[in-house]
Amino acid sequence: MSLDPGALPLAVTFDALTNTSFWISVGVIAGTYAIVAVGLQLNTGFTGIVNFGQAAFMAIGAYTMAILVLKAGFSFWLSLPCAVLAAMIFGVIVGLPALRLRADYFAIATIAMAEVVRLFAQNARGLTGGNEGLFCDPNNPSNCYTNSWRHLSDSINNFVSNFWSNPDALFPLLLVIWVTVGVAIFVLRRLQRTPWGRVLRAIREDEDAAQALGKNTLLYKLQSLAISACLGAIAGFFLALNLATIHPLDFEPLVTFFAFSVLILGGMGSYRGVAVGSVLFWFVLEGTRFIDLPDPPFTETRIASIRLAITGLLLIGLMAFRPQGLFGKREEMVIGE
Amino acid sequence: MEAGQMTEQVAPAVGERLSDRLRRRPWLGAIAVIVAIFLALVAGEGLHDVAQTGVNGLSLGAIYALGAVGLTLVYGILKLVNFAHGDFLTFGAYMAYLVNVTWGMPLILGVFWAMIATALLGLLFERLLWSPMRAKHAGFLQLILMSIGLAFLLRAIIQWFWSTDIRVLDVNATSTVDFLGLRIGQTQLIVVIVGVVVIIGIGLMLRLTLLGKQMRALSDDLELAETAGIDTRRVINYTWIFAGALAGLAGVLAGATTDLRPELGFELLLPIFAAVILGGIGDAFGALAAGMVIGVMTEWSTLVIDARWKTAVGFLVLIIALIVRPQGIFGKAKTI
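Residue numbers (our numbering), protein chains in the order written: chain A, 1 to 337; chain B, 1 to 336.
Hints listed in this document are in silico derivations from the structure and should not be mistaken for laboratory results. A virtual CB, placed ideally from N, CA and C, is assigned to each residue, including glycine. Warning: the hint list may mix true and false statements.
Unchecked claim - Here are some of the chain B residues that sit facing chain A, going by a computed Cβ distance under 10 Å:
(1) Leu-47
(2) Leu-129
(3) Met-146
(4) Ile-148
(5) Gln-159
(6) Ser-163
(7) Ile-166
(8) Val-168
(9) Pro-262
(10) Phe-266
(11) Ile-281
(12) Leu-316
(13) Leu-322
Claimed, not checked - Which chain B residues stay away from chain A? Per the calculated CB distances, all over 12 Å, these:
(14) Leu-141
(15) Ile-144
(16) Ala-173
(17) Phe-179
(18) Ile-184
(19) Leu-189
(20) Ile-193
(21) Leu-206
(22) Leu-269
(23) Gly-314
Only chain A is shown next, with the shape it has when bound in the complex (with noise of 0.2 Å):
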């Protein structure tokens, strides 16, 4: 379960090739994490920060928004904002000191900060339940934080029948985040052509002359981290409203690692790139579930060593010979030159 924070509740099949449920929790995996990795994108591929407390951020979201209904009475949809807000902030807490760092150090420093925060939601058991996790008491379900969401998602299936007739339970979570996506990657996109967007690129390339523009580096990093942060925790609500349970072990440095396996997939400074990378790296990886092996010796451990090893094996093959990605410009792959 450690090792594999995407695991999908469904046995080994063939049937899963023709399971549209199958496929479309495999299309919230990967729209959670397009959003995740379009953060990311920002950070290293247009920013040149490489950071690697992701996980953290969602954390954050997850935590706050349940923690905000279930023990401080907020309504859902307040309860988001304020999760995202609090993303934001620890952000910029942790980049004021960080950002000063060099690359290499800023990147260990931000796995340091997520280890920080998925070691206080594992012990601070009266706030965040621990081991055992955040999720809504069956003794009391007029306050849980998947309440609101499940009106709404009931309201769009009512909708949606009219075109299909009993569409699946997780349908409108789907609808939902690629909406997100594609709202994310059209706002930062635009962002991209703006002053702001070229200033951040200037750093990118070479943060001295930056500076010697006058421009205050610093500020603009921080901006930087803090929408990821804030796309980081959109995504711990999407990962909170798909899993019945808020865990510790779900924002483990694993999460970060394999965001960035899908930024790396879809090509470095390719924001529609990181989409499609999502989309193919955990149609890839989940797939391996229609691969229908002998239990001995293919034990459900080994299959999911499998899966770990083609993570590995792409990560390898295509820092070796494909930096840049599927969809990345070899020019914007700079970092470290």
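Got chain A sorted already, so can you dock chain B onto it with the hints?
Chain B in isolation, oriented as in the chain A frame:
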């Protein structure tokens, strides 16, 4: 970004460097902080508890230190932030398991096999991945992501052969030694002794042998070292042998004091990074000292806070070190 320029650790003549160090305040400052914490803890919790947890800390610190030496040398010399280093530790631990449990041979043979196998693994990846990538002038992000891919691959291989079940080495986990009123586990005592002996050995080797000097020269400036006539390829190969063997040893020691899981090494990686940064990147002595300090601090923390928080201590040391003194206790302020 300016990641290409790494800390240029200047390594002047031996005598000069020692006196230079003593004059440098951060080093003394760090000792003063540790002594102050020690005295405060003794006053609050009593000498016995502080010593008892201190021994635990030394065994943990030995593991961190042994893991950190290899990581810091590779980082300093090859400018490679090797996220697969933790999985080298895991690999070593499972190699010892293979010899010690599967084949039923003494653990000492397992230790040697783990060190040899992990050293060969380091050499193999140098030949297959890192050397070609250096020839291509790969950027820092390319290398870091490749090492993460390698970490995934190693963990996948381990998980394929040994599954995710928790396994233990054939060590005497129950018998204890009474020493000055302290109860020290036999395994733990061996870990501390092996760790300290090996650490002193490495320190002397780096300080006294030509190879050690060459390693430090490469860490300063690889191209300059090559121009000066050093066979850099040979030194790099030895660096990987060194890093691999010590990671293998650290992995076995970690496996012997706790248990074996595929995540064993990755969970140790961040405290090991903390030791690398606190000690100053490329500085093997710094890494050894910082590893020990972080190990002891982690165990001391259990005297004042709940033990389940102790993992966070290494991360906090790392974050504080990065904010306050990113060049490490022994390092010089440069382009950081």
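For each hint, the structure was consulted:
no.	hint	verdict
1	Leu-47	violated, 29 Å
2	Leu-129	holds, 7 Å
3	Met-146	holds, 4 Å
4	Ile-148	holds, 5 Å
5	Gln-159	holds, 4 Å
6	Ser-163	holds, 5 Å
7	Ile-166	violated, 13 Å
8	Val-168	violated, 18 Å
9	Pro-262	holds, 7 Å
10	Phe-266	holds, 8 Å
11	Ile-281	holds, 9 Å
12	Leu-316	holds, 7 Å
13	Leu-322	holds, 5 Å
14	Leu-141	violated, 4 Å
15	Ile-144	violated, 7 Å
16	Ala-173	holds, 25 Å
17	Phe-179	holds, 33 Å
18	Ile-184	holds, 28 Å
19	Leu-189	holds, 29 Å
20	Ile-193	holds, 31 Å
21	Leu-206	holds, 23 Å
22	Leu-269	violated, 9 Å
23	Gly-314	violated, 8 Å
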